[in-house]
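S.K.: Residue-level listing of the chains:
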Amino acid sequence: MILANSFSIFIYIRSVGGSGTAGGGNDLFLYLCALNTVPEKNKLINCMPFRIIVLAKQVPDTRNVGKDAMKADGTVNRAALPAIFNPEDLHALELALRIKDQINDAEIVVVSMGPGRAAEIIREAMYRGADRGVLVTDRKFAGSDTLATSYALSLAVKKLAPFNVLIAGRQAIDGDTAQVGPQTAEKLHIPQITYAEELVDVNSKQITIKRRLERGIEVVRSPLPVAITVHSSAPVCRPRNAILVMKFKHARTTTELQEETKDYTELRLYRPYLNIEEWSVEDIQAETEKLGLSGSPTKVKKIENVVLQRKESKAFTADDKDIDLLMQELMASHVIG
Amino acid sequence: MNNVIVYCEITEEGHVAEVSQELLSKGRKLASDLGIKLEAIAIGNKLDNIEKDILPYGADVIHIADDKRLFPYTTLPHAAILLKLFEEIKPEIALFGATSIGRDLAPRVASAMRCGLTADCTSLEIGDHTEAKTNTTYKNLLYQIRPAFGGNIIATIINPDTRPQMATVREGVMKKEFWPAVAKPEVNKLDVAKYVNDEQFVVRIIERHIESQKINIKNAQVIVAGGYGVGSKENFDLLFDLADVLGAQVGASRAAVDAGYVEHERQIGQTGVTVRPKLYIACGISGAVQHRAGMDQASMIISVNTDPNAPINQIADYTILGQVHEVVPRMIKYYRQNSK
Numbered sequence: 001m002i003l004a005n006s007f008s009i010f011i012y013i014r015s016v017g018g019s020g021t022a023g024g025g026n027d028l029f030l031y032l033c034a035l036n037t038v039p040e041k042n043k044l045i046n047c048m049p050f051r052i053i054v055l056a057k058q059v060p061d062t063r064n065v066g067k068d069a070m071k072a073d074g075t076v077n078r079a080a081l082p083a084i085f086n087p088e089d090l091h092a093l094e095l096a097l098r099i100k101d102q103i104n105d106a107e108i109v110v111v112s113m114g115p116g117r118a119a120e121i122i123r124e125a126m127y128r129g130a131d132r133g134v135l136v137t138d139r140k141f142a143g144s145d146t147l148a149t150s151y152a153l154s155l156a157v158k159k160l161a162p163f164n165v166l167i168a169g170r171q172a173i174d175g176d177t178a179q180v181g182p183q184t185a186e187k188l189h190i191p192q193i194t195y196a197e198e199l200v201d202v203n204s205k206q207i208t209i210k211r212r213l214e215r216g217i218e219v220v221r222s223p224l225p226v227a228i229t230v231h232s233s234a235p236v237c238r239p240r241n242a243i244l245v246m247k248f249k250h251a252r253t254t255t256e257l258q259e260e261t262k263d264y265t266e267l268r269l270y271r272p273y274l275n276i277e278e279w280s281v282e283d284i285q286a287e288t289e290k291l292g293l294s295g296s297p298t299k300v301k302k303i304e305n306v307v308l309q310r311k312e313s314k315a316f317t318a319d320d321k322d323i324d325l326l327m328q329e330l331m332a333s334h335v336i337g
Numbered sequence: 001m002n003n004v005i006v007y008c009e010i011t012e013e014g015h016v017a018e019v020s021q022e023l024l025s026k027g028r029k030l031a032s033d034l035g036i037k038l039e040a041i042a043i044g045n046k047l048d049n050i051e052k053d054i055l056p057y058g059a060d061v062i063h064i065a066d067d068k069r070l071f072p073y074t075t076l077p078h079a080a081i082l083l084k085l086f087e088e089i090k091p092e093i094a095l096f097g098a099t100s101i102g103r104d105l106a107p108r109v110a111s112a113m114r115c116g117l118t119a120d121c122t123s124l125e126i127g128d129h130t131e132a133k134t135n136t137t138y139k140n141l142l143y144q145i146r147p148a149f150g151g152n153i154i155a156t157i158i159n160p161d162t163r164p165q166m167a168t169v170r171e172g173v174m175k176k177e178f179w180p181a182v183a184k185p186e187v188n189k190l191d192v193a194k195y196v197n198d199e200q201f202v203v204r205i206i207e208r209h210i211e212s213q214k215i216n217i218k219n220a221q222v223i224v225a226g227g228y229g230v231g232s233k234e235n236f237d238l239l240f241d242l243a244d245v246l247g248a249q250v251g252a253s254r255a256a257v258d259a260g261y262v263e264h265e266r267q268i269g270q271t272g273v274t275v276r277p278k279l280y281i282a283c284g285i286s287g288a289v290q291h292r293a294g295m296d297q298a299s300m301i302i303s304v305n306t307d308p309n310a311p312i313n314q315i316a317d318y319t320i321l322g323q324v325h326e327v328v329p330r331m332i333k334y335y336r337q338n339s340k
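Residue numbers (the numbering used here), protein chains in the order written: chain A, 1 to 337; chain B, 1 to 340.
FYI, nobody ran anything at the bench for these hints, they're computed from the structure. Heads up, a few of these hints could be off.
Here are the simulated EDC-like cross-link-like pairs (lysine to aspartate or glutamate), alpha carbons at most 20 Å apart as the crow flies [what the hints assert, rightly or not]:
| # | chain 1 | residue 1 | chain 2 | residue 2 |
| --- | --- | --- | --- | --- |
| 1 | A | 210 | B | 265 |
| 2 | B | 278 | A | 329 |
| 3 | B | 84 | B | 211 |
| 4 | A | 302 | B | 13 |
| 5 | B | 333 | A | 320 |
| 6 | A | 210 | B | 211 |
| 7 | A | 314 | B | 307 |
| 8 | A | 321 | B | 326 |
Have a look at the derived ranges for each label pair, beta carbon to beta carbon [as the list claims (entries may be wrong)]:
| # | chain 1 | residue 1 | chain 2 | residue 2 | range |
| --- | --- | --- | --- | --- | --- |
| 9 | A | 268 | B | 140 | 36 to 46 Å |
| 10 | B | 136 | A | 266 | 54 to 64 Å |
| 11 | A | 61 | B | 216 | 29 to 39 Å |
| 12 | A | 317 | B | 241 | 42 to 52 Å |
| 13 | B | 114 | A | 142 | 18 to 28 Å |
Glycine included, C-beta positions come from ideal geometry on N, C-alpha and C.
Looking at chain A on its own, in the form it has when it is part of the complex (with noise of 0.2 Å):
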């Protein structure tokens, strides 16, 4: 079994190295290189470095809402809510760590956009299995609407660059709108792959992905590079990972070390991915009225609470007689039957 193993690795190699000469000395090195790594199945190898940038958004958890979630300018009061990774951003990350499965030497760059404690989400990425993460905070960047926010993404983006696959959820749940993914893409003047369910192919030049349609499904393929939003009916994550969890257990942004009592510059000297990065305005060069409220197209007129008025209506208990009664009612009145 293990013989039989091995030697499709071996095939599979040189036909990815290309050489033609049976059994040369080349093939016999790659070959005794794949025995050292064969439980990487399928690696191809030989790929260039492959960056996959995930974009990930930290959220208000909507579900939980008290009093005083908006501000009096119609913005949102992050700071009064719990915070979460928002759903499809997770489901985002699994579909890179997907792509990192199939290819060798891929890294993946997890960036947020938001608050100090954003970092978060990132160090949660890292947990799971994202390389390394930046965090691109900044106080000129609040009150940006979609259109501000995939602005600024793209500057970091590009700052990133060169890189072959981004990828974002379909949506964060305190918005709902789907807009930055696609908005990103156009600012990079790349590709877009919307409503992705499942990696169904990649390599070093395209990328293979089933959409998730309202009515059906769509397989679509796109050249490199490209940006990707991710459905809910994706995989889900996969979890923690013990020895990724101790591995970056003390990643920190540099403000969250200012915070630090202890000193851990020694340690963070020998592990640079210990480090968040954390990146302003400055650092991505961004116009700042580009940003914010000024670079924002969009503008809230008014916020309604919502108030509902009461109607008359007709109380009931689950007593047998009450619900008879009203079933009564209702086929006298031919709403049924």
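Chain B: place on chain A using the hints.
M.R.: Using the frame of chain A, we list chain B on its own:
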């Protein structure tokens, strides 16, 4: 120039999608309010008779881009056509269905034009706005109204400075209404080669399985809908039983769909289908504003809930305080015994 334009989605069968016809109806009213024209754009393949699907809704101008590479929909060519056309005709308002096509296309176009876009609007109106800081008054803006922030608020969004003012709307939210035929509608067949280039066809569709709509709750007269409070997939079967005896369709809230009780096609609300049945029986649905946005125009609402203060009870005509798995079987039993 400066008109309302509706992007008309083309179905598998080669017709204009219902959601686009609903938007044509809404666009017609907005255009009449503003004293401007209604334009439509259809992009696809073999669109010879497509005007027939558009004219009854009062379009003054129909733009058609017909090319075999333009169906099925792919993002880049459709975006390129819209961008060039919008540059030429400079629309005041552009409306898209909030479908997997509209939500893919509209943001791409909005980004390239650097203009504002509001997703999933539940209402569109015309109104004025005065900017407090500069004391500038903007006349006749498009109010883009939608629930926001998990449905805890209703927001009115405007785009004072950028054109077109863009919005997407879900299927069923606007009402499809015929309009007296326009005297001399103008049909403008676009020279596709001038609007797209080969590079825009880099994303290739290699497989497609689109089913015709299996579940159609939109036009059901009676709907039995369940929420997270139904509690389990097994309890949901009771709703199917009740729907069966009443000749009704089963709907669901987003929470019930997310919990895996039923398929997404049955979701009612802002991110699902909007329905206007004669009777709506809401079982274990608390009634968040997004859900109510999809069903509050039902003629009669019955709420079955264990919480007397559930928001849905405030818009219900009848409330039953109790467990779904106790109440529903009793309803079935009574109906079976007493119907002819």
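S.K.: So, for every hint listed, does it hold in this structure?
M.R.: Here's how the hints hold up against the structure:
no.	hint	in the structure
1	A:210 / B:265	holds, 19 Å
2	B:278 / A:329	holds, 15 Å
3	B:84 / B:211	violated, 33 Å
4	A:302 / B:13	violated, 41 Å
5	B:333 / A:320	holds, 10 Å
6	A:210 / B:211	holds, 16 Å
7	A:314 / B:307	holds, 15 Å
8	A:321 / B:326	holds, 13 Å
9	A:268 / B:140: 36 to 46 Å	violated, 58 Å
10	B:136 / A:266: 54 to 64 Å	holds, 58 Å
11	A:61 / B:216: 29 to 39 Å	holds, 34 Å
12	A:317 / B:241: 42 to 52 Å	violated, 22 Å
13	B:114 / A:142: 18 to 28 Å	holds, 20 Å
Checked against the numbered hints given earlier, the structure breaks hints 3, 4, 9, 12 and satisfies all the rest.
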